[in-house]
Each structure stands twice: as structure tokens, then as C-alpha cells.
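**Student:** Below, each chain spelled out in residue letters.
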Amino acid sequence: MMADCLKGYRKIVILTFPPEVSGNPVVCVISKKYDISFSILQAQITPRKEGHMTLELCGPEENYKQAMAYLQEQGVRITPAAETVSRDDDSCVHCGMCTAMCPNDSLTLDPVTRRVVFDSDRCTACGMCTRVCPVKAMHADVDMEQLQ
Amino acid sequence: MPKTIQEINAKIKAGKAVVLDAEEMVQAVKDMGLKAAAEQVDVVTTGTFSPMCSSGMLFNFGQEPPTIKASSVSLNSIPAYGGLAAVDAYLGATELPKDDPLNKVYPGQFKYGGGHVIEDLVAGKAVRLKAKGYGTDCYPRRELEKQVTLAELPYAQLLNPRNGYQSYNVAVNLGSKLIYTYMGPIKAKLRNANYATSGCLSPLFNDPLFKTIGLGTKIFLGGGVGWVLGAGTQHNPAPKRTERGIPLSAAGTLMVRGDMKGMTARYLRGVSFVGYGCSLAVGLGIPIPILNEEMAYYTSVSDADIPMPVKDYSQDYPQGVPRVLKHVTYAELKSGSIEVEGKQVPAVPLTSWVLSKEIAQTLKQWIQGGQFTLTEAQELLPAG
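These protein sequences, in sequence, are chains A and B.
When you line the first sequence up against the numbering used here, it's residues 1 to 148, in that order.
When you line the second sequence up against the numbering used here, it's residues 1001 to 1384, in that order.
These are calculated hints, taken from the structure and not from any lab test.
Only part of the chain B face toward chain A is listed, based on derived beta-carbon distances under 7 angstroms: (1) N1192; (2) V1271; (3) S1272; (4) V1274; (5) V1348; (6) P1349; (7) L1350; (8) S1352; (9) V1354; (10) L1355.
What follows is a set of in silico ranges between Cβ atoms, one per label pair, in the way DEER data are often shown: (11) A:S37 to B:V1225: 56 to 62 angstroms; (12) A:K65 to B:T1149: 52 to 58 angstroms; (13) B:S1077 to A:N104: 36 to 42 angstroms; (14) B:P1239 to A:T79: 49 to 55 angstroms; (15) A:Q72 to B:S1335: 46 to 52 angstroms; (16) A:S39 to B:D1031: 50 to 56 angstroms.
Predicted, not measured: the structure shown is a model, and the values here were computed from it.
C-beta: ideal position from N, C-alpha, C; glycine also.
Full structure from sequences and hints, please.
**Tutor:** Next comes the structure, spelled out in C-alpha cells:
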């Protein structure tokens, strides 16, 4: 992950690009112009040409704010990502399927107990596990304060 | 001295039977040797908990006069097959609501299907039954709609046409984009290898040539008691096998049934595979009688004795190319990483080892407690 900027300002955001913007290289601009480094956690263009992208952004706080203002000017909708993921321990069957998709090893299979261990401190709330868990035991909890 | 099932049952009833789970049996045979293990151990219990798509519920929902000949039936908007007698129907685990978006926005979520209805019923929840008929002289009603619980259904049997696959493919992706399969999401360019079965705990690895399992074998099914009805669909009696009888590809399968009213939602879970569809994770455990040294030998199978075929799911599997990239043992898979085409690939299970072990242990306790005796199969599964 983005270890080199852990001391900087770090946010996970979901960007929604309207069809007329989804072809523009705006993420490249925020990187070059505002010196924001980014990691793409998820990206998709729907059949209606709307773009969805989950980014982990890192950089000086002032630059981050300017970059967000720039994105808004371009018509990009910005939603702070759900910042916490939790597990329903009663529901989890410890199959292990989520461990394939977790990008930072916060979900791992204990080699001795064969249980899936969830380390919430490592979790960046990318949401992959919530999509792939076959019994829907992983939940993204939206930080409502952040959304307001 | 060979034993009979009757002798083992007499020991079970007297509370004197020696029962081990299939993982414990591996160690027991190592420690005491085959001869002593065959003499001392009476039963080995197996267990597996895994998605098993060929599963479903055969049910009767009773008449509420005026009577109906239901030709279209659904539970919680999941269609059931109504082409049976008046109020009989069959709900399949992979069935989806008619208005499900499927994979139109790829990858689809498949949030609720037949497997989830089965889980809800077993969990004691009420589901919405809708039935339509065309009206006859003897069955005049055209529509019936009501909430039903499992307790209110006059008859509900889990009836699974193919469960407990003996071995299965290890799925990898040699292609350049993420694929969504019934083996879960497989990342491009060999970045994960997804595998199933519970290895040395798996029922059909412990009786690989079907010397004891067949029609009439009493089993653990979904937390209750079930029965083997015979070979399941796609049962392959004569695959290539290792010296100890373990198949080199997916081979034997089981058809099973059991009364849902004795089952629990812990061992029957509706599952959603992103981009693929819905299914049902089934808990299945089979007791193997240790009749002789041969059965002690078979049940001593360890994870290292089980080779499983690695297959490409980007091109080969969908195109029906039978290429096996290599075989890896279940022990290698369990170590968390396998080597494929010179690359270390994380190995990711779909079968819950924790619940598989729990099932084998539960069945062991039932037998030790004297409440579960063994049955003699009336017709063994075909073996080549």
C-alpha cells in the first residue's frame, strides 16, 4: 500500500464520473498538478458510461483540498468511502474466500486453527470483502459524520 | 478380525464404540498401525461444509379449500417447480427471482436465491408463498398467497441430486482479467488458486472405492439426519486413481435427502457468488464403519495423499478443454501457497475447514452418545 505517505493526509474516496466526464484524465491531473499520490482500489464504467472509482489518496492536506475542489469543478461527485468494515462473527463460516481479494492482508487464514482472522487495524475499507463474501458476513459501516 | 455393522451397532448402543474423526484416524493409524487400528476403532466420521449447487427442497404446502392445482409456485419470489401433483413443488438452490438483474450490471450481486429461502425456512423464518392454478373441476382455486414457516409445511425434504463431490478442480486464471466463477473470483495471471473439499475429512476420500456407502447409508445432513439415495448426477465410477484409490479428477458424487424439520441454519447457508449466482452451502458428514484393515487403510488417508487437478478457468474450463496444468496435494493447498508455472500462487479455500471438522466431531458425539447407529447400504455406489 501507500507506505511512503502514511504521515500525510490520507483519504479513501468514491468518485462518480458523469458520462461526459468519464473519458477525461482528471485523476492524472490531480496527481501531477496537486502532487497527490493515488492507489486505485476499484474502477468501473457502467453500461450507461458512468464511471465509478474508489481511490486511496495521499498527500499534504492543503493539496488534497485543492484537488477535491478541482474534481468538483470538473463535475465529479465525491463521496468519502465507508471508513470501517466489520464482520458478523456469527455469520462468518470461515471458508476463506475473502482472503483472495483483500488487498492488504487484513483478512488472513490462520494456518493452525483454519479460521479467518480479521485485523481491522490493517483494513483500508476498500469494500472488496463485502462484495465477495458468499454469506455476506462482511459489512461496510458508513461514517455518517464524514458524509455530511 | 473383521467386524459387522451389527456388531458395531451393538457397541454403539452399549456406549462402548470407539469413534474417531477422519483427521484423528490419520494419526491413530500412524501411531498404532493398521492392524491395531482396525481392531480398536469402530467408526470414523467425516465432514464437509461447502457450496453444493445441486441441492434443493421438495415440499408440499397443503390445501386451503377451495383446493388448488398449483402450476406456478414461488417462495419469497423465488420460483419453484410446480409440475408435480397439486400442492407439491421443488425449489432449487440456484434459482433466482424473475426480476433479478443477473449479470446485466457486471458483476451481478445475486443477493437472494433458492438457497437463501432454504436457510430462512430452517432458521424458523416465515416466507411468502404464492401459487397460481388454472382451475379445474376438482381444484377450482386460481390463486393462493400466504406466509408459511417450515413448521407449517406438511412436508419439506432437502433433496440434493449431487452433493459431496469426491475431489474437485483447483481453479486458476491464466488470462489477463479478473473472472467471476462458481469457484469465486479468480484474479488474472495466476494470483490466486481457489480450491474446495475438506481433504482428509472429506467423506468420499475416506471410502474412495465406495465399499460401505450407498443407498440407505444414514448420514449427518444440514445438522439433522439424512440418507444417501445413491450416486449423484455426474458420478464417475471409474476415474484414474492413485494406488490408494484417490481419484485424480472430480469423480464420485452423492444424491442425498433428509427431513428439513430436523436441520439447522448453521449447516445450511444460502450463498451468493458475485458475478456467478446463488447456491447453498451444505453440511454433510458420513460415518465409515471400520469393518476390517482395508477400511482402516482407506480412512487413514492424509492431506498429503490427495492430489487435486489445477485447471485454468479463463479459457480451458469454459471452452471444455480438459487440460490439467498439474496436480497439487491437498496438503500443499492447505499450506497457503502452491507453485504453478514457476509462480507461487496463494491457495484460497471455499470449503470451511472449521465447520467440516465441527460436523465430523458432532457426528462422532452422536455416535458416542448412542443416538446414531450405522446402517448397511442396500446398493453400493457404482465403482469401476
